[in-house]
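**Q** Top to bottom, those sequences are chains A and B. Residue numbers for the first sequence follow the working numbering, so the first one is 1 and each next one is one higher. Residue numbers for the second sequence follow the working numbering, so the first one is 1001 and each next one is one higher.
Honestly, the hints are just simulated from the structure, not real lab data. One or more hints might be untrue.
Said to hold, decoys possible - Computed beta-carbon distance windows for the label pairs:
hint: 1; chain 1: B; residue 1: E1099; chain 2: A; residue 2: K421; range: 47 to 57 Å
hint: 2; chain 1: A; residue 1: E437; chain 2: B; residue 2: N1076; range: 34 to 44 Å
hint: 3; chain 1: B; residue 1: I1008; chain 2: A; residue 2: F227; range: 31 to 41 Å
hint: 4; chain 1: A; residue 1: S166; chain 2: B; residue 2: V1014; range: 21 to 31 Å
hint: 5; chain 1: B; residue 1: T1206; chain 2: A; residue 2: D473; range: 30 to 40 Å
hint: 6; chain 1: A; residue 1: H210; chain 2: B; residue 2: D1097; range: 45 to 55 Å
hint: 7; chain 1: B; residue 1: D1173; chain 2: A; residue 2: K456; range: 52 to 62 Å
Where is the CB? At the ideal position from N, CA and C, for every residue including glycine.
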Amino acid sequence: MASDIKNAETPVSENDEQVVKRADVEAVNKAEERSLYAPRKKIFPQRAKGKFRTIKWFMMLFTLGIYYITPWIRWDRGEGMPDQAVLIDIAGRRFYFFFIEIWPQEVYYVTGLMIMGGIALFLVTSTAGRMWCGYSCPQTIWTDLFIAVERFFEGDRNARIRLDKSSWSLDKITKRVLKHTVWIIIALLTGGAWVFYFSDAPTLFNQLIHNQASFDAYLWMGLLSTFTYVLGGIAREQVCTYMCPWPRIQAVMMDEETLAVMYRYDRGEPRGPHKKNESWDGRGDCVQCRQCVVVCPMGIDIRDGLQLECIQCSLCIDACNSVMEKIGRPQGLIAYDSLKNFERREKGEENRFRIVRPRTIIYSTILVLVGAIMLYTLLNRSMIDVNILRDRNPLFVQLASGDIRNGYTIKIMNKTTAEQKYIVEVSGINGITLRTEDADEFAADGSPIISVPRDKLRSLKLYVAIPRKELNDDSVDITIKVKQLGGDEEDVQTTTFKGPRT
Amino acid sequence: MSDLKKEIDDVSGVDTTGHEWDGIKELNTPMPRWWVYTFIVTCIWAFIYQFLYPSWPLITDYYEGYFAETNRDRLNDELDNVAQQRSVTLDKIRSMDLETIRNDNALNTFALAGGKAAFGDNCAPCHGTGAAGFTGYPNLNDDDWLWGGTLEDIYTTISFGIRSTHEETRVNDMPAFLRDELLTKSEIEDVVTYVQSLSDSTITATESGRILFADNCALCHGEDGKGLREFGAPNLTDAITLYVTDRDSMIDIVSNSRKGVMPTWSGRLDEATIKSLALYIHSLGGGE
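Let the hints inform the model, and build the full structure from the sequences given.
**A** Okay, structure coming up:
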C-alpha cells in the first residue's frame, strides 16, 4: 500500500559511503497526491537538532512560562480590591491588567488591543511569513510538547513506526498508557491554568485541590483540557491544515519580498544520491536524503515549493543544514528566503532582504496609529462616568403649579480608588429646579450631593422642573453636570427635556 | 484481518466490499471511527438513561425512573425556595410601618421592585403603565392629591378604595347641581366663570358667581377654592384637573357631577403587596 512506503522506517543507505542517513520515503502529505477525500495518514516526525529547534524550545519555554505564571503575579490595588495583576472578573464585571482597570463600558480598549494584535500579525506575516504559526501559535507549542512526550516514551521516528505497526503487547500498552497519561496531565494543567485568569488564583487553587471550586471552574477546566488533549495530542497537523483559517488568509499578506522557509531549487537541482569523492559538478546540492521530509511535523516535502500546509517551523532547515555540514557543502539549501531572491540569483545579483516596502510601511503606520490612539485614550481616561436615562413613561408630568417636570435616572460611576462625593447641578433654562430623594446631603445652593463608594456605580432618580412660561418648545436641551467635590473630575452632559406641544 | 478477502481498488487504493453490480464494485468506505464510537456511546447512554429518569408510559401512570426527577418538580422546588427566601423579607414589610421601610435601603429597594410589578398587574389598566393616568383616572406622578399624598394616605386609598364596596371606603358626594335642581343653568354658568377666574386672571367673575360659590361650593372646596383633602375635594385653582378643562365640560361637571370609583384592594392583595404599592406610588415623584 502507498502509505506503507510513506511511513517506512528510514534505514541508513548501504551504498552511500557518506555518513548521511537516507530515508527512502515519500512525504506523507505530498503536494501532488493531496486529496480532500482521504483518510488521515499518520505522521511520525523525526527529532531535529539545530539553531531553529533551539529557538523553538526557548519560545516554548517563554510562552508557556507567560501562560502559567501570569495569573500568579500579584499587584496591590488597596484594601478590598483583587490583588491579581491580570484578572478577568466576570462576576464583578471588571478587567484588571496591572495598573489598568477596565469597566464593561470600556470594552473598546480590548477591541483596540485586538486590532493591534491583528495588525501586528499582518506586519510579521508580510515581513517573515508565518512566524506566528511556526513559533508562537498555541497549537504549534502544545503539539511540539506532546510530540516531545511521545518521543520520550516511544522513541524517535523509526521506533514509533515499529511500535505503531506492532501488535498489542504489554510493552506497547505500557508505552501508550504512559504517553496518554502524561498528555492528559499536560492537558489538565493547561485547562487548569486557564481558569486562574478568571478568579483569584491562590483561592481557586485551594478550592480546586479541596474539590470545592464552582461548577463553572470545573466545566471550563474540563472543556479546555479536552481541547488541549484532542487538538495538541491527536489532531495535530489536521488543525492547521483543515480547521484554521489563518493559512488561507495569510497568503494575501505575503508578496515576493516576504521571507519564507524555502528550498533553493536553483542550488539543489538536479538532486540525487552522491558518493564520497564524486564531483559536485553538473549536479545540485540535494543528495536526496529526505531528512527534510522525515522531520516535518506537517508531513510535507518542502522541496515541492510554498505550500498552504507548511507552518514554517524551520525544522527542515535544521535537518538540511546538519546534512550539508556532513557532506561539506555550504549551509542554507533550505533557508528563509524570498521569491524575489530567486530572480536576483538568476540575474547574478546578491541576495537581499528588503524589509521596508509599501506593505510593511502601511501595516506599521496603522499599528503606530492605533497604538497612539489607545495610549492617548488610556492616559486621558476619565475617572467618572455618567449615564443619563430620561423617563419615557410618562414623558413629562404637569405639576399643580403648572411647571413641567421630567424624571431622569442617572448612574454615576466612580472609577477612582477612594469614595467620592459628587455634586449634581442642572442648568440651561431660567427657573430650572432639581429635586431628588436620593441625596446624602445638600450644598449651600440646594444642589444634591451624592457619595459613591470607590469602584462602584450608584443610580439615582432626578426630578427636573421647568416653569411653563420658560418652555418655548416641546423639546428643549438642558445640561446636567456631575462634579467631583474637592477634585477636578466632572462630567457634563446635554440631555433633552420634554414638555407638552405648544 | 485476512488479506485473501481483501481486494484493493486500483484507482483509489481503497478496499472494496466485494459486492459487484454490472462490473461496478462498491468501495468499502466505513463511517469515521469517531462517529461510530460516538454513536455506540449514545446508544449505551440511552439504554441507561431509561432506567434513571421518567421514560415509559404506563396505562394510568408512567415509569418514574431511579431518580424519579422531572424538570417540573425541579422548577416547583426552585419556586418554593424563592418563596421561602422572600417570605422573610415580606414578613418584615408586613410588620413594619411604611416610614421605617422607606428608610431601610434594602427593604425599600425590595418593596419598590415588588410594587412596580404589582402596579403593572393591578393598577396599570386604569392609571396607565407609567402611572400617568387618563381623563378621570388621576396621574400618580404629580404633586396634586385628592385624598392626600403621604405614605399613609396612599396606603389607605389603595386598601379601601374610593366609593368602593368596603365599609371604610373613602367617599364623597358632589351634588349634580342642575339635575338635582339646586342651581339654574345661568347660575351654574356664573359659578363656572368664577372658578375659571381663580386660575386665569384674564377672566373677570361676577359678584353673583362669587356668592353662589361661597354658598354652594366652599363647604367642600374651601373659601379660596383650594380644596379640602378630608372630603377628597379637588383644588380648583391649580393647573391639574382630573377631567377636561374647557368651559363646557366644567358646566357639565357642575350640572351632573362625577363619581369615579376605585376598588378596594384589601383582601384582594396581600398586606405586603399593598404596602409595596404605596411605597412605589409614593416614589413616583409626587409623594409627600
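**Q** Run every hint past the structure and note whether it holds.
**A** Going down the list of hints, with the structure as the test:
Taking the beta carbon of each, E1099 of chain B and K421 of chain A are about 27 Å apart, not inside 47 to 57 Å as hinted. For E437 of chain A and N1076 of chain B, the hinted distance range of 34 to 44 Å is satisfied, since their beta carbons lie about 39 Å from each other. Range check, I1008 of chain B to F227 of chain A: Cβ separation about 37 Å, and the 31 to 41 Å hint holds. A C-beta distance of roughly 24 Å is found between S166 of chain A and V1014 of chain B, which places it inside the suggested range of 21 to 31 Å.
Take T1206 of chain B and D473 of chain A: their Cβ atoms lie about 38 Å apart, and the range 30 to 40 Å holds. For the pair H210 of chain A and D1097 of chain B, the supplied restraint of 45 to 55 Å holds, since their beta-carbon distance comes to about 47 Å. Look at D1173 of chain B against K456 of chain A: about 54 Å separates their beta carbons, and that is inside 52 to 62 Å.
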